[in-house]
Amino acid sequence: MISPDNVAEPETRFFTTGQFAALRKLSDLLMPPMRGNPGALDAAVPEFLDFLIGVSPAHRQALYRNGLDALNARAKKQFNKSFADLDATQCDAIIRPLLAPVPWTHEPPKDPLQHFMAAAHDDVRTATRNSREWNTSGGRRGGAQLFWNPIDPIYKG
Amino acid sequence: MTKKEYDVLIVGSGHSGGMAAKILASHGISCVMLNAGPEADMQRDRTRKAVYDLPYRGFGKPGRLTHVFQASEFNANQWVDEAEVPYTYEPQAPYNWVRVRLLGGRSLFWSRQSFRLSDFEFNAAEIDGSGTSWPIRLADIAPFYSRVEEIFRVAGRKEGWPQFPDGNFIEARYPADSQTLKLVTDLCNARGFGVSKMRTSQGVGGLASSINLLLPDALVTGKLEIVQNAIVREVSVNKNTGLVNGAHFVDRHSRREMHVKAKVVVLAAGSLESTRLLLNSGIANSSGVMGHYLHDQIYGVNVTASVPEARDGKAAATPGLMGGSAFLPRFRNLTKSDKRNFIKGYCMMISSGGGANANMFAEYGEELQKKLDHYAGSCVSATIYGERVPRFENHVRINKSVTDAWGIPVLHVEAHDSDNEHNQAKDAADTAEELFHAAGWDLISKTDKFYPPGYSIHEVGTCRMGDNPKTSVLNKFNQTHDIKNLFVVDGACFVTCGWQNPTMTISALSMRASEYLAEQMKKGEV
Chain A
1 MISPDNVAEP
11 ETRFFTTGQF
21 AALRKLSDLL
31 MPPMRGNPGA
41 LDAAVPEFLD
51 FLIGVSPAHR
61 QALYRNGLDA
71 LNARAKKQFN
81 KSFADLDATQ
91 CDAIIRPLLA
101 PVPWTHEPPK
111 DPLQHFMAAA
121 HDDVRTATRN
131 SREWNTSGGR
141 RGGAQLFWNP
151 IDPIYKG
Chain B
1001 MTKKEYDVLI
1011 VGSGHSGGMA
1021 AKILASHGIS
1031 CVMLNAGPEA
1041 DMQRDRTRKA
1051 VYDLPYRGFG
1061 KPGRLTHVFQ
1071 ASEFNANQWV
1081 DEAEVPYTYE
1091 PQAPYNWVRV
1101 RLLGGRSLFW
1111 SRQSFRLSDF
1121 EFNAAEIDGS
1131 GTSWPIRLAD
1141 IAPFYSRVEE
1151 IFRVAGRKEG
1161 WPQFPDGNFI
1171 EARYPADSQT
1181 LKLVTDLCNA
1191 RGFGVSKMRT
1201 SQGVGGLASS
1211 INLLLPDALV
1221 TGKLEIVQNA
1231 IVREVSVNKN
1241 TGLVNGAHFV
1251 DRHSRREMHV
1261 KAKVVVLAAG
1271 SLESTRLLLN
1281 SGIANSSGVM
1291 GHYLHDQIYG
1301 VNVTASVPEA
1311 RDGKAAATPG
1321 LMGGSAFLPR
1331 FRNLTKSDKR
1341 NFIKGYCMMI
1351 SSGGGANANM
1361 FAEYGEELQK
1371 KLDHYAGSCV
1381 SATIYGERVP
1391 RFENHVRINK
1401 SVTDAWGIPV
1411 LHVEAHDSDN
1421 EHNQAKDAAD
1431 TAEELFHAAG
1441 WDLISKTDKF
1451 YPPGYSIHEV
1461 GTCRMGDNPK
1471 TSVLNKFNQT
1481 HDIKNLFVVD
1491 GACFVTCGWQ
1501 NPTMTISALS
1511 MRASEYLAEQ
1521 MKKGEV
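Keeping their order, the protein sequence lines are chains A and B.
Letter 126 of the first sequence, counting from 1, is numbered 126 in this note's numbering, and no numbers are missing.
Letter 359 of the second sequence, counting from 1, is numbered 1359 in this note's numbering, and no numbers are missing.
Chain A on its own, in the form it takes in the complex:
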């Protein structure tokens, strides 16, 4: 058997076209290919996050939607373009004010957009490093661990 990702493309369902385009751009900025490793776009991270956030609690969904909308709004205001159409320098101008160290990851920044940036940064990095592409590139065979199946699940008859 092979994975569905070997034969098919994921279809995005949650973010709007504009939000998804901003997410794609952001993912590529945060985790480009580096040091011979695949980047977020190689690892289909935007599509994966569209799926993950789509099944996440409402506060997480709002964080992402508002954050991506804000990237587009600021891009429009400063450069009269959507975030996805900016060049690297222009993108940097938008996202740099939103970056902040988060020394205690369980206490995200109070500013909602800095909170969004911290969350998206962490999610993009993790989704890339957990991807098939990352773990099988360069002859690697990583990412495998023991998984606990459901243990004596409640009898359904």
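No lab work stands behind these hints: they were computed from the structure.
Mixed in with the good hints, there may be bad ones.
With a straight-line Cα cutoff of 20 Å, these simulated SDA-like cross-link-like pairs (lysine to any residue) come out [as the list claims (entries may be wrong)]:
{"id": "1", "chain 1": "B", "residue 1": "LYS1370", "chain 2": "A", "residue 2": "PRO103"}
{"id": "2", "chain 1": "B", "residue 1": "LYS1061", "chain 2": "B", "residue 2": "ALA1071"}
{"id": "3", "chain 1": "B", "residue 1": "LYS1476", "chain 2": "B", "residue 2": "LEU1138"}
{"id": "4", "chain 1": "B", "residue 1": "LYS1049", "chain 2": "A", "residue 2": "ASN135"}
{"id": "5", "chain 1": "B", "residue 1": "LYS1004", "chain 2": "B", "residue 2": "LEU1243"}
{"id": "6", "chain 1": "B", "residue 1": "LYS1314", "chain 2": "B", "residue 2": "ASP1177"}
{"id": "7", "chain 1": "B", "residue 1": "LYS1049", "chain 2": "A", "residue 2": "THR136"}
{"id": "8", "chain 1": "B", "residue 1": "LYS1049", "chain 2": "A", "residue 2": "TRP148"}
{"id": "9", "chain 1": "B", "residue 1": "LYS1370", "chain 2": "B", "residue 2": "SER1445"}
{"id": "10", "chain 1": "B", "residue 1": "LYS1003", "chain 2": "B", "residue 2": "HIS1259"}
{"id": "11", "chain 1": "B", "residue 1": "LYS1449", "chain 2": "A", "residue 2": "ASP111"}
{"id": "12", "chain 1": "B", "residue 1": "LYS1370", "chain 2": "A", "residue 2": "PRO101"}
{"id": "13", "chain 1": "B", "residue 1": "LYS1061", "chain 2": "A", "residue 2": "PRO153"}
{"id": "14", "chain 1": "A", "residue 1": "LYS110", "chain 2": "A", "residue 2": "ALA100"}
{"id": "15", "chain 1": "A", "residue 1": "LYS81", "chain 2": "A", "residue 2": "ASN66"}
{"id": "16", "chain 1": "B", "residue 1": "LYS1476", "chain 2": "B", "residue 2": "VAL1526"}
{"id": "17", "chain 1": "B", "residue 1": "LYS1446", "chain 2": "A", "residue 2": "THR105"}
{"id": "18", "chain 1": "A", "residue 1": "LYS156", "chain 2": "B", "residue 2": "GLU1257"}
{"id": "19", "chain 1": "B", "residue 1": "LYS1049", "chain 2": "A", "residue 2": "SER3"}
{"id": "20", "chain 1": "B", "residue 1": "LYS1263", "chain 2": "B", "residue 2": "VAL1289"}
{"id": "21", "chain 1": "B", "residue 1": "LYS1003", "chain 2": "B", "residue 2": "ASP1251"}
{"id": "22", "chain 1": "B", "residue 1": "LYS1061", "chain 2": "A", "residue 2": "HIS59"}
{"id": "23", "chain 1": "B", "residue 1": "LYS1449", "chain 2": "A", "residue 2": "PRO109"}
{"id": "24", "chain 1": "B", "residue 1": "LYS1446", "chain 2": "B", "residue 2": "GLY1354"}
{"id": "25", "chain 1": "A", "residue 1": "LYS156", "chain 2": "B", "residue 2": "ALA1405"}
If you only want the chain B side, here are some residues facing chain A, beta carbon under 8 Å, derived [claimed, not checked]:
{"id": "26", "residue": "GLN1043"}
{"id": "27", "residue": "ASP1045"}
{"id": "28", "residue": "ASP1053"}
{"id": "29", "residue": "TYR1056"}
{"id": "30", "residue": "GLY1063"}
{"id": "31", "residue": "HIS1067"}
{"id": "32", "residue": "LYS1336"}
{"id": "33", "residue": "ALA1362"}
{"id": "34", "residue": "TYR1364"}
{"id": "35", "residue": "GLY1365"}
{"id": "36", "residue": "GLU1366"}
{"id": "37", "residue": "GLN1369"}
{"id": "38", "residue": "TYR1451"}
Beta carbons: idealized from backbone N, C-alpha and C, even for Gly.
Dock chain B against the given chain A, drawing on the hints supplied.
Okay, now just chain B, sitting in the frame of chain A:
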């Protein structure tokens, strides 16, 4: 057909229940043990999988196990399902209640750090100038600690410090200290902080659990029967005598209601589950303190510094510079002359040779990667476990309007931290920062934050022991003051928790209580 009546019913199969079974069965006492969950099979129930083949690519199903920060998509099925057995709290006072109902309970997965409490903890009221002391001292429990340490095969280095009592250790081999560790150790010693090494239960075959160290000894006597998937609703009471006489339970799969008879009931379901059971049974609370004095440990604080000589890959090229870890048992408030803005203390773990984390910087992409490469292998970091103050106001009670999947009313938890916890954490972070600065290292990240109450998985109290039946639920042998054939042998009995992992103390107290119970039964007193 009347079923036999067992001498003792034990509820729960973790370290405390397993120890009770082992001791009681060794005295020829017939025991039946009810465990809420199933027995796990390490072969059948685990499969090797790649993280990218998991449905959520390792993130875990969103919304599942939100209070178990230790959960991952790989281990999600080992924890109690929060939807099946919920609990409630006020939104502004979150609580992390982390549970395992598999046979063996949390003893299957614990970190194996193994410490004794000291008289700084047992005699807390005199040391702290406030609060309540235990009704026992180290001398009362020391022989039991020694027997437990032999069973668990605890490896440690003896120090001879009163705040860090030595145990019945097997020889521990620690790698020689790296240069950075030696430097930190010298700086700590100059400040009067004792530096030691971790003490760990080696167990047998990589496992230091009830299921391999305790239950087999009980089973081999033929005096223990274990029933899995048995969820206890209520302890039953003989209305005429006021003594307990068994328990009502429901089968996890079929939902059949059952009753088991026993002459004595020993609760070992884990601190809060034992208390929940007693509160739902409406017994043994003439003191009014049942459910109160809930406490655990603060886990958190992180101070990370970088060693200049180890940056840019130089760590790997300089063997013996980085690596290893040091363990500092509590070094605060050990003498009356140590005047702090907090009571009690914390232990500190210092480790050398890690890297920086991405969240420590306001960078991304190539610039971030450059920073991570720059600091990789060059970092020394400190973190702590600290002792929370047991307060009457921090408590659990029954929430009658919410029930679990079997219709049993759930717990409502109310736990708030105070200045003492924050001041302790701040002192720890400042102390580590000063140490690393004195070492000539560059601070990269510092936080004095810590996890919510309950995160440590060391929740204790709520059925505390004491000599005074007006202010305690149990006597010093874990016997309830109100009902002489009812015992609680898990962490619920604690008066204070210390910074120490509670497993050795829970196991020793359960052993001591079980020996006492066996003797009382032989005398016909119980």
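Against chain A, is B/TYR1364 within 8 Å by beta-carbon distance? holds (5 Å)
Cut-off 8 Å, beta-carbon criterion: hint that B/GLY1063 touches chain A: Result: holds, 5 Å to nearest chain A Cβ.
Check the hint pairing B/LYS1003 with B/ASP1251 against an upper bound of 20 Å on the C-alpha distance. The given pair, whose Cα atoms are some 17 Å apart, holds under the 20 Å limit.
Holds or violated: B/LYS1370 to B/SER1445, with C-alpha atoms at most 20 Å apart: holds (17 Å)
Check whether the Cα positions of B/LYS1449 and A/PRO109 lie no farther apart than 20 Å. Holds. B/LYS1449 to A/PRO109 sits at ~13 Å (cutoff 20 Å).
Given pair status - A/TRP148, B/LYS1049, alpha carbons within 20 Å: Between B/LYS1049 and A/TRP148 the Cα gap is close to 10 Å, so the pair holds against 20 Å.
For the restraint on B/ALA1362, tell me whether the closest CB of chain A is nearer than 8 Å. Since the shortest Cβ distance to chain A is 4 Å, the answer is holds.
Taking 20 Å as the top limit, are the C-alpha atoms of B/LYS1370 and A/PRO103 close enough? holds (19 Å)
Regarding the pair B/LYS1049 and A/THR136, is the alpha-carbon distance no greater than 20 Å? holds (14 Å)
The hint names B/GLY1365 as touching chain A; please verify it with the least Cβ-Cβ distance against 8 Å. With a minimum Cβ separation of about 5 Å from chain A (threshold 8 Å), the hint on B/GLY1365 holds.
Would the hint on B/GLU1366 stand, with a C-beta cut-off of 8 Å toward chain A? holds (6 Å)
Using 8 Å as the Cβ threshold, decide whether B/TYR1451 counts as touching chain A. With Cβ-Cβ at 7 Å, under 8 Å, it holds.
Hints 20, 26, 31 and 32 from the earlier list are contradicted by this structure; the remaining hints agree with it.
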